[in-house]
Each structure stands twice: as C-alpha cells, then as structure tokens.
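Read top to bottom, the protein sequences are chains A and B. Take 0 as the starting number for the first sequence in numbering that gives the first Met the number 0 and just add one per residue. Take 0 as the starting number for the second sequence in numbering that gives the first Met the number 0 and just add one per residue.
Don't read these hints as lab results, they were simulated from the structure. The reader is advised that the hints may include incorrect statements.
Said to hold, decoys possible - Some but not every residue of chain A turned toward chain B, in silico, with C-beta under 7 Å:
#1 E173
#2 R176
#3 S180
#4 A183
As the list claims (entries may be wrong) - If we take Cβ atoms under 8 Å as the criterion, some of the chain A residues that face chain B in the derived model are:
#5 A161
#6 S164
#7 D167
#8 V168
#9 T170
#10 A174
#11 G179
#12 T184
#13 M186
#14 N193
As the list claims (entries may be wrong) - Rough simulated footprint, nothing fancy, chain A against chain B, three-plus residues with beta-carbon under 8 Å:
#15 78-86
#16 227-234
Given the structure is predicted, the values throughout are model-derived calculations rather than measurements. We put the beta carbon where it would ideally sit given N, CA and C, even for glycine.
Single-letter residue listing:
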Amino acid sequence: MAGLRKRRARRQRVLRWIVVTVLAVLFVLPLFAMLEFTTRGPGDSLSWETWRVFFDWPALGEAYPILWTGMKASFWLVLLSVALTLVLLVPTVVWVRLRLPRIRRLVEFISLLPLTVPAIVLVVGLAPVYAWVVYFVGGSSWTLMFAYTILALPFAYRAIDAGLSAIDVRTLSEAARSLGSSWATVMWRVVLPNIRSAVLSAAFLTVALVLGEFTIASLLNRDNIQVAINQLGKSSAQMSVAVSLAALVLAFVLLFLLSFAGRRRHRERKTS
Amino acid sequence: MSNSVGVRLDGLRRQFGGVHALDGLDLDMAPGELVALLGPSGCGKTTALRILAGLEDADSGRIMVGDKDVANVPANRRDMGMVFQAYSLFPHLTAVENVEFGLRLRRQNAATRRQRARDMLELVGIGAHADRYPQQMSGGQQQRVALARALAFQPQVLLLDEPLSALDAKVRVQLREEIRRIQLEVGTTTLFVTHDQEEALAIADRVGVMRAGRLEQIGSPEDIYRSPATPFVAEFVGLSNRLPGRVTGDVVEVLDTKLPLVDAATVHNGAVTALVRPESVDVTADPAGTGRVVAVSFLGPTARVTAALPDETIVVAQLASARLPDLPPGTAVRVILRPVPVVVTAA
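Chain A on its own, in the form it takes in the complex (with noise of 0.2 Å):
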C-alpha cells in the first residue's frame, strides 16, 4: 500500500516538473530570442550596444526622439489610469453593494460591456467624444487615461468586488460607522486595508493593459510606447524589441512584486 503511494506520488512529481518545464520553454524561448536578436552585432558578434543605449536615457532620449515621448506618456498614462480607475471603482463597488445591491448585476454586465466591444469599434466611437476631450483640456497624450479606464473596467471591477466577496464589508463598515468613523474613514482605514490584495491587483491589470495599449492610441493619433515601438520598428528593430521586451519583463515583475506581497501579508498574519 506504501510503495502504491510511493510510486504514484514520484509519477506525479514526474509529471509536474514536465507540465513546468515544457511551459517554462513556450514561454521563456520567444522571451531569449528577442533577448539574442536585441543583441547581435555586426558579423553576427554579441553585442550590448542596444541595452546600453536603452538605459543611458538622456542618450536614448537624443537617439529615438519617439521612443522617449512614448515611454514619458506611457508612464502618465499608467499613473493617470491606475489612480482614476480606483479612485472611481473602489467607491462605487463599495457603495454598490452596501445600499444598492439590486443594482449589482446591473453593474456587473455594464463594466464587461468594454470587454464585448472590439478596440477598433471603441474608437468610431470615442473619436466625436475626443473632439470635446480636446476642447476641455486639449489633445495630450494623457487624455487616453479616460478611454484606458473604460477598458481597465472589466478587469478592475472583478478584481476589487472578489476582493469585496471575501469580506463582510457591511457589517464591517456598519460597526465602524457605530464606532464613531465617516464613510471617508470607513473606506480609508476599515475597507480598503482588507481588500488591499484586490486593489493591487486592479492596479496591476489596469498597467498591464495600460502599458500592452496600442490600436486606440494609434487610431487616436496620440503617443504611447506600443505606438513608438511601432513606428520604431520600422527604422530601428533592435530598439523596438528591446523596448518591448523590457515592457514584457516590467510586467514579470510587477506580477512577481503582487504575489509576493500578497503571500507576505498572509504569512505575517497567521504567524503573529
């Protein structure tokens, strides 16, 4: 009966390190080619010149104009996009459930909506809604935060009302309330410490999504690092693939950063 168990515990160990490896291969081998290719010198040598001209930015700023300007927007848009879409989802789910839970699944099928449109068919229809956008406060790059929260929403909405499920959120809020705190303190210091796992993941899908954007933001004319990797390509392709192989790995790390912190708190908790 022991050695039964014993074989079929090292058969699933077998299994699992091939399920592993063969994944690690699919997905690190695209990511080595465009490290080789981002790293081949003249006669086929191996060269850094690329990576030293990406991080050397004042030079990199000099050397691709486009690419500086779309990292710059990029960076603001991840920002803008981040702080807007939780500044008006976090509330909002809240608020939802706490005094109108009717409405729920109403609000549920509206934030999937962007899912269900194609990016292609969001711009025919943002492009008269940026024509005010320029009008109120003008045609820069970072005015594609509003359109980027309208995509973020589906992801962000499920992220942040999961993250509301696994609480009590009213009668949490409910005995803070008693205990003498405004809705600004019962969202600041009661619900957003424990959905914070939830919010970091909203925020971390929102710059994945942010930062991978291009069809609007080249359809809209404006600048970003997936429309200059773009134009990049086309003059500089070693440039544009390191550029997109850094975004790649930012994301790893974000993704990695999420987790680990997740995992610590919990840690911390349970042995404390």
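With chain A fixed as given, assemble chain B onto it according to the hints.
Positioned in the frame of chain A, the structure of chain B alone reads:
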C-alpha cells in the same frame, strides 16, 4: 465609568415595500437598564435596534436619547456601541487595535488608548489574547473583543444585535452571563435583541415581546413568564399546553379544575382554550387515572412527560427527573393542574 442616559422610542414606523417592519413602536428605557427585545423572525426587533443605532431611517417617530431627538443624527455621531450578530472585528487589526479603533477616532493619545483597550480586554476576560488577529480567535473570543470595542469609548447606549446566536450552546450561556456582569459593572443603558427567550429572560431587567412591529408586552422576565398579557406572549415565551376549558365569571374550568384568569376583565363566559405551562401540570401514576403516558424526555434535572387523555387531548407536564422511573410510557396516570393564573384564547 457610566454616563448612561434614558432612551425613548416614540411611535416608530418603518415600512419595507408593503411590509410594516415597525408599526408605531413605543419603548422607554431607564438609564442603566438592560431591556431585551424578544420576538419571532420578522417582528421588527432588529429594525428597531438598527434605527436606534442610526443604521436605518424610520419613516416617522421620535428617537430620544436623554433629552435629545437623534432621529436626524448620523450613526457615527450617535455615541452608541454596538455588537453584531455576525463577527464584525476588523480582520486587519489585532484584538487590542480593534478595541482602540473608537478611541483613536476620538483622538485619545496613544498611551491612554492602549491602556484603556487593554483594561477593556481584561474586563471581558481576554487580556491574554490582546495581540491576536480575529482569525486566530474562536467565535466566543471574537464576540468578547467586539463587546470590549463597543464599550471602550464609553458610549451612552450599548446595542446588542443577537450577539450570541452564532455561538455554541455552552459558550452562549457563559457569555450571556458575562454580558450581564459587565453591563451591571459599567452601567450603560443596553438594548439587547434576541429570538432566544431563555437568553432574554436570563439577563434582562425588562423583556419586551414584539409582534408585527409593535410591543405586545413589556415587563420583568417573571411578569412576562408568569403573567403573559396576551395569548401570543404566553405561547411565544415558554411552552404552553392548549387545553379546552369553559369560563365562568373570573375562573376557567380546565380538566375539572377551576383556575384563575390572568385578565378576567377582557374574557367572556363560554368555551375557550386555556394556555397552561407544563410546570403547572402534575401527573402521578394511578391505575384508576384516565390519562396514559405516551412519551417522556429527560432534560437533566427536570423531565417532560407527555400524557394523552381519553378525548385525545395531549398534556405535557414538567417534573423533577427523579420521578421518571415511576412513569414509563404506557403508565396510567392522573393529571392534576396547579391553580396558577392562566391566559385563555378563543376556542
């Protein structure tokens, strides 16, 4: 320690859809008093407590705390501590940090509030677990911390919304006694909502029995039990036998025994159903008796014996369990009623 005040609810009304959750509720609570609101599900007791807490709005009526009408004061300014039925400790804070929460909002300095929080945790008997997170504590321990948290900022009123219903039987009895001890010690005016009659009778100064959004009767636990004002109270609080009887003047004749009426003034002569407590019924083994034991249940120090009469009437008697050996099922018995006042309802 106490800054207790009186509380008065005047003609509170609240409607949900077409249902009257509260239908003109009046309730007076003296400073320092513990009043339990008791009633079946949907009778409006929790709605009353939530309106007093400011977590729901009344459609009409006044809510006086001391001499101030607080109907338009938001929940966070009402100065009322509350313990909920569901576990309500903040999961990201330790027990002591939970208790400090209300004190921090009142801008007490760190050392004072930490000391006060630890004192409160000692008071509820859980000082040793001050640094634990809620998920590291049992349900009973969490409710103790919730009680400490609700009392730490010395509220004018303490509201307990079925705080024991999620706990197991033994912890429930222990904790209800603790709640009473602590309430007497701090002297805070307390409203306790429960559907468990034993709990209400055990710890309240007065028990209010609610039905369909109104108070059916309010009085001392003994009054409520011994002199129920209405058939509903008699049936809801404690067990009652429903026995056929006939009213003549101010007595009702049940099983050939004349019993006094609780409220003779409102009862007309004629056939009625009398509500008789099991402890007012005695059965003794008697070969000539007309009853027959059909079931017995052992309850520890007491026992319940169910007997059937020739006309199929079922009578339940509560006796000392030491008498059980004489009364196995099938025994012929004589049923005797003690002459204590009873409530009657239409036959």
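Verification of the hints:
1. Given hint, E173 (chain A) at the interface with chain B, holds; its Cβ is 5 Å from that chain's nearest Cβ, closer than 7 Å.
2. Below 7 Å, beta-carbon pairs count as interface contacts, and R176 (chain A) has one with chain B at about 4 Å; its hint therefore holds.
3. The interface hint given for S180 (chain A) holds, since its Cβ lies 6 Å from the closest Cβ of chain B, which is under the 7 Å cut-off.
4. Contact between A183 (chain A) and chain B, as hinted, is not supported at the beta carbon level, the nearest pair being about 11 Å apart and thus beyond 7 Å.
5. Proximity of A161 (chain A) to chain B is violated relative to the hint, the smallest CB-CB distance being about 16 Å (cut-off 8 Å).
6. At a threshold of 8 Å, the smallest CB-CB gap from S164 (chain A) to chain B is about 14 Å, leaving the interface hint violated.
7. Interface hint status for D167 (chain A): upheld, as the beta-carbon distance to the closest one in chain B is roughly 6 Å, under 8 Å.
8. This hint is violated: V168 (chain A) has a C-beta 11 Å from the nearest C-beta of chain B, more than the 8 Å allowed.
9. Hint status for T170 (chain A) relative to chain B: holds, with the closest Cβ pair at about 5 Å, below 8 Å.
10. Below 8 Å, beta-carbon pairs count as interface contacts, and A174 (chain A) has one with chain B at about 4 Å; its hint therefore holds.
11. A least Cβ separation of about 4 Å between G179 (chain A) and chain B falls short of the 8 Å threshold, and the interface hint therefore holds.
12. Restraint check, T184 (chain A) versus chain B: the minimum CB separation of about 7 Å is within 8 Å; hint holds.
13. Checking M186 (chain A) against chain B by beta carbon gives a least distance of about 13 Å; that is not within 8 Å, so the hint is violated.
14. At a threshold of 8 Å, the smallest CB-CB gap from N193 (chain A) to chain B is about 5 Å, leaving the interface hint in force.
15. Against chain A, the region 78-86 of chain B contributes 7 residues with a C-beta closer than 8 Å to a partner C-beta. That satisfies the three-residue criterion, and the hint holds.
16. Requiring three or more residues with a Cβ within less than 8 Å of a Cβ of chain A, the coverage given for the region 227-234 of chain B is violated, as only 0 such residues are present.
Consistency with the previously given hints fails for numbers 4, 5, 6, 8, 13, 16, ordered from lowest to highest.
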